[in-house]
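Protein chains in written order, with my numbering: chain A, 1 to 365; chain B, 366 to 730; chain C, 731 to 1095; chain D, 1096 to 1460.
Hints in this document: simulated from the structure, not taken from any laboratory.
Please note that the accuracy of each hint is not assured.
To be verified - Here are a few chain B residues that face chain C, going by a calculated C-beta distance under 8 Å: (1) 367; (2) 435; (3) 445.
The beta carbon of each residue, even a glycine, is placed where N, CA and C say it ideally should be.
Below are the chains, spelled out letter by letter.
Number of protein chains: 4
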Amino acid sequence: MAGSTFGNIFKITTWGESHGKALGVVVDGCPAGIEISEEDIQSFLNRRKPGQSSFTTQRNEDDKVEILSGVFEGKTTGTPISLLVFNKDHHSADYSQIANCYRPGHADYTFDQKYGFRDYRGGGRSSGRETIGRVAAGAIASKILDQLGVKILAYSQEIAGIGIDYAKFDAEEILKNPMYMPDANAAEMVSEKAKEKMSEMDSIGGIIECKVAGMPAGVGDPVFDKLDANLAKAMMSIGAVKGVEIGDGFAVAKSFGSTDNDGFEMKDGEIVKTSNHAGGILGGMSDGSEITLRAAIKPTPSIAQTQKTVNKNGENIEIKIKGRHDPIIVPRAVVVVESMVAVTLVDALFTNMTSRMDKIKAFYQ
Amino acid sequence: MAGSTFGNIFKITTWGESHGKALGVVVDGCPAGIEISEEDIQSFLNRRKPGQSSFTTQRNEDDKVEILSGVFEGKTTGTPISLLVFNKDHHSADYSQIANCYRPGHADYTFDQKYGFRDYRGGGRSSGRETIGRVAAGAIASKILDQLGVKILAYSQEIAGIGIDYAKFDAEEILKNPMYMPDANAAEMVSEKAKEKMSEMDSIGGIIECKVAGMPAGVGDPVFDKLDANLAKAMMSIGAVKGVEIGDGFAVAKSFGSTDNDGFEMKDGEIVKTSNHAGGILGGMSDGSEITLRAAIKPTPSIAQTQKTVNKNGENIEIKIKGRHDPIIVPRAVVVVESMVAVTLVDALFTNMTSRMDKIKAFYQ
Amino acid sequence: MAGSTFGNIFKITTWGESHGKALGVVVDGCPAGIEISEEDIQSFLNRRKPGQSSFTTQRNEDDKVEILSGVFEGKTTGTPISLLVFNKDHHSADYSQIANCYRPGHADYTFDQKYGFRDYRGGGRSSGRETIGRVAAGAIASKILDQLGVKILAYSQEIAGIGIDYAKFDAEEILKNPMYMPDANAAEMVSEKAKEKMSEMDSIGGIIECKVAGMPAGVGDPVFDKLDANLAKAMMSIGAVKGVEIGDGFAVAKSFGSTDNDGFEMKDGEIVKTSNHAGGILGGMSDGSEITLRAAIKPTPSIAQTQKTVNKNGENIEIKIKGRHDPIIVPRAVVVVESMVAVTLVDALFTNMTSRMDKIKAFYQ
Amino acid sequence: MAGSTFGNIFKITTWGESHGKALGVVVDGCPAGIEISEEDIQSFLNRRKPGQSSFTTQRNEDDKVEILSGVFEGKTTGTPISLLVFNKDHHSADYSQIANCYRPGHADYTFDQKYGFRDYRGGGRSSGRETIGRVAAGAIASKILDQLGVKILAYSQEIAGIGIDYAKFDAEEILKNPMYMPDANAAEMVSEKAKEKMSEMDSIGGIIECKVAGMPAGVGDPVFDKLDANLAKAMMSIGAVKGVEIGDGFAVAKSFGSTDNDGFEMKDGEIVKTSNHAGGILGGMSDGSEITLRAAIKPTPSIAQTQKTVNKNGENIEIKIKGRHDPIIVPRAVVVVESMVAVTLVDALFTNMTSRMDKIKAFYQ
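Isolated chain A, as found in the complex:
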């Protein structure tokens, strides 16, 4: 497998399995001179850490990050930054159940088909723990975006069919409830629903929304490396994501040109759009307005209900997935979405620096 690297100029390479010794990421192409500490990265990782509410796996992990290279005297040096988290709670489980069978909704079968065998301990490379590397890299990307005035806000927009009320949108609320919703009331309703489904040994899905403010206009490329194309890849590369929308998304299919087009007007001497159906991206390039995207997350496939499947001997069997599993993966995936968006935007901003000869000339003078 190649395919563990994302980005062209700002490049991240993740590695590690759910129950291996450690997981991590190498961030290559990070500019020199950015102040970064293990605390900066830890604060991102803590948002995806297990065991934070009754709705997440009770696996006991500190997920304590170590910076092994690329930072000197508190600042990035321009050389690759190696970040690592040792797995702590990785010997306890009994994998005999999943070692020989193909769990529905999981990658067990496809791994065996591709590689001939697999590290069957807790999902191996397809575990949600793989996102540790993404989030650690996202923390660094966010540091860069901060300095360029770009702000990302991600949250659960809908879980188990219960959506937020935009009239009550409160960004401060997001980190205060276990659902990472900007609407306390919706979060409360989701919690009730979640408890109900947990008692039924079932799991639920949802939608994560992400908004980006402060992105300069003209970033992204017009053909294959459209900003939205790279964001779509970034989103769909997150396990459990099955759909991606930019701006109005699938609603455009039922829309008309007269209503979908965003007009332009002059406001305080600046060109602004009069609406934002496009979600801040036109022709693959940012248009200066807010970038909006959504990702649909499927229900956690690990459920304790009886499911029909087959084992490696080609026998029809029934299984109940035991162990510590999140009944909802959506809240913990919020910071993963935010991180992948951050990494994608930084790469696009860097790529964009060579689009005009006059600016290149000015740079080198």
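Dock chains B, C and D against chain A, hints included.
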């Protein structure tokens, strides 16, 4: 702008503007020994050619393709295949209207922001004509898939809110109606709706669906280069696409683990899935069942209604977009979707060949 | 074959065979706003055109370049630039001699081994004509370097063992003699030697040297993408090159630290080196002094003498290569070396723009 | 800095500084099913470990490697392999001398020019310790080559002007003398010379030669990704390498077509070459004969003699480099050359698998 290349091993690089001398593509990494003719490629291009029905632009183009390299005595040689289409009808238009203003829903503004100026003739690089290169490359990719037993079927699933009736699904029908729908009745209703909207000087959008049969299991990579992630990028890189779904797509957000999980069972000695909510991809790798995806296409932004916008001098103005524009872009985009899927699958199949040492060893013996 | 693309940000993709319809290049990642004309590119191509002296092939080609995309109103638009040269004199030859045998020193055998068959007309993709695309791209890269104050000078340093006398070095002389040597006297001696070898139906090799002035310090990367590593690849990717040196090259093997190290000193308030054994690159990054490199070119393999080889039927045979072949390839390769150096430097200069956060911040303010 | 990744399909990404916490490499794209242990990798690392003879730095490092991911039950899983070596002896030194001055022959000045500041401890990222990652990856690549019947042999061919006598060539001898020479006598003479130069507080350079047997014909690409081009980049990316030769290398410049061309003949029913001036590569593709290459290594720049340079305040100063430095870097670089060749060959072998449609079809049947 880098960003005109797609694929890692099977690599396509498109070039050309709407009203430049020519448009084309270089296909690098195509294996030797594939029989290919200009007719093979032409038959793909004809499906996206303008002027085929009253619902498409009346621009007069033959879009006749020439193979300039990489094919010898009727077979690919393994060296890059250069394909070119000369623009014929490219001097007639008067661009003074769009040269100085920013059309709503188009990339005029973002091009100017990125590059400082733009080729304003007919959309330049952001024109739908850029897809000529993609479709020409798609014709070659499809030849490869044919030999490997992989079949792609794409069609309009819904236009202007009118969806196909799967009970009446008839693949033979797709190329027979101007809407490229597998349901003659739905196509008829869409035509009525389209005429109505054209009379209102408006445009409509829709959804393209694509199904892939015969894909071997285990193709795709588990992390960033997930098969669905690369398909999502491929789809979103097509101008006017604002949303992408794999399998059940956004519906998973309201689903439960107990209903969304696809079970496995033995059938005639083979492992098969008992349902296909996942759309044929698990953990980023094909699972041997049908791959299904959908792309949402926005209404054509060029409409003859009066729209508010600004010009390059920063003045608020009103414009009516004249000229030859498709009121619906969906039908002509069907072959573009099919082509991008083909290119993505070929690259994934090639990448997959080095996943197991035993198979590599067998290859070199 | 992938492998027809060179560069990461400033990317060139060449295509075309010796006796196909045309040859060309797509230059992707070229910034917008550079004035470029077909004449600019033609002047580069003319330096590698056949038939310019009695020492080069008498094949009759104008090698007239056409710009097909990416340039609008005389300036680059930032979109891919497609450049094409139609082959004119490509139907005349009789290839029956080489179609079935493996010419010594050529790629006939390796092509057949890799691809199963080959375009045997005049060397196909391995022909020197492939460099048309490189040189056309090099003309554009040189335009960029001009604007950044970087100047490249390439010339034949030695042919058939006859080297230039640096005491008589005259840059003006290079384009005046058929050997592209900066020393008229050496060029004269080489011409005599070349005539002698031609009469013996033999061919000769030589060394091309290249010097780069005005390169800012700090360009290039410290590990795999060292500036010298990418230059070495660029040089060795030219057919017939068998050795590459940076600075003192192989002479360092016999040198000592005390003599090989270049000291630093202050001069007019600037840090300068007191010598330049390193050839302007330290640790993979330019050090602000002149970059110097050399490439060794093997004698043209096509010779009219009788040679022993085998045919595709596995029979030992003798052949004499007929046709129009350069007895010396070195002079025509000078502009190829210059072009590949130009492309490599532009890519390194562009990559370098994201090495420091303070400069990125300044760029976006 | 991007630029810490090498390879396209078999991809290695190194990270780490001389005196940071650790150094390592992520190997992505390694096939599943290869038996690999920490011992396998350790045996490679031990060949570059410091302190093995009086001619190498006395820095005290075990360089004990840990496999953190990608290996399960003793076999590679196909997922990225993360390898790490903790720095042990990294707190002892006093860096005040080099923190503020630019050592001749080192990358201190270019690092500061590129990044604005640098990790000045022991060379930071430009330290020879960066090669730990390369060698660890090389151990894995060599495992793959073993299974494909490809054997690499590297050794010191010449040090301080003293070359090996090919008549006495003894491969067994290489690992027995501190010079890694296949000629005990030459090694003895070099040792004498080295002692002499060490007493003069000076350092010496040399040439490493590498031969590859068993490479199938047709591997490598005909244009930019020529096998020799990628090998040249691999060699020149090693710190201290200033020249690279394939086959006869620079000697071809004085050669003639009649003597440089390698003839073909039938031998036991197989096509073989009658000589090997080309060094096993024709037109960028392996020709089935032995691949030969050479890299010139400059003398260690760290010498205890007084040298003139400048400090960061722009003052002319004199320095004597103290500390534990190798007077000859050549012997320890032998395994680095071997490793980079191994990594390059594996990537080329993998890339080659998609060159023919008939073989792809057979693979998928």
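- Kindly indicate which numbered hints from before are broken by the structure, ordering the numbers from low to high. none
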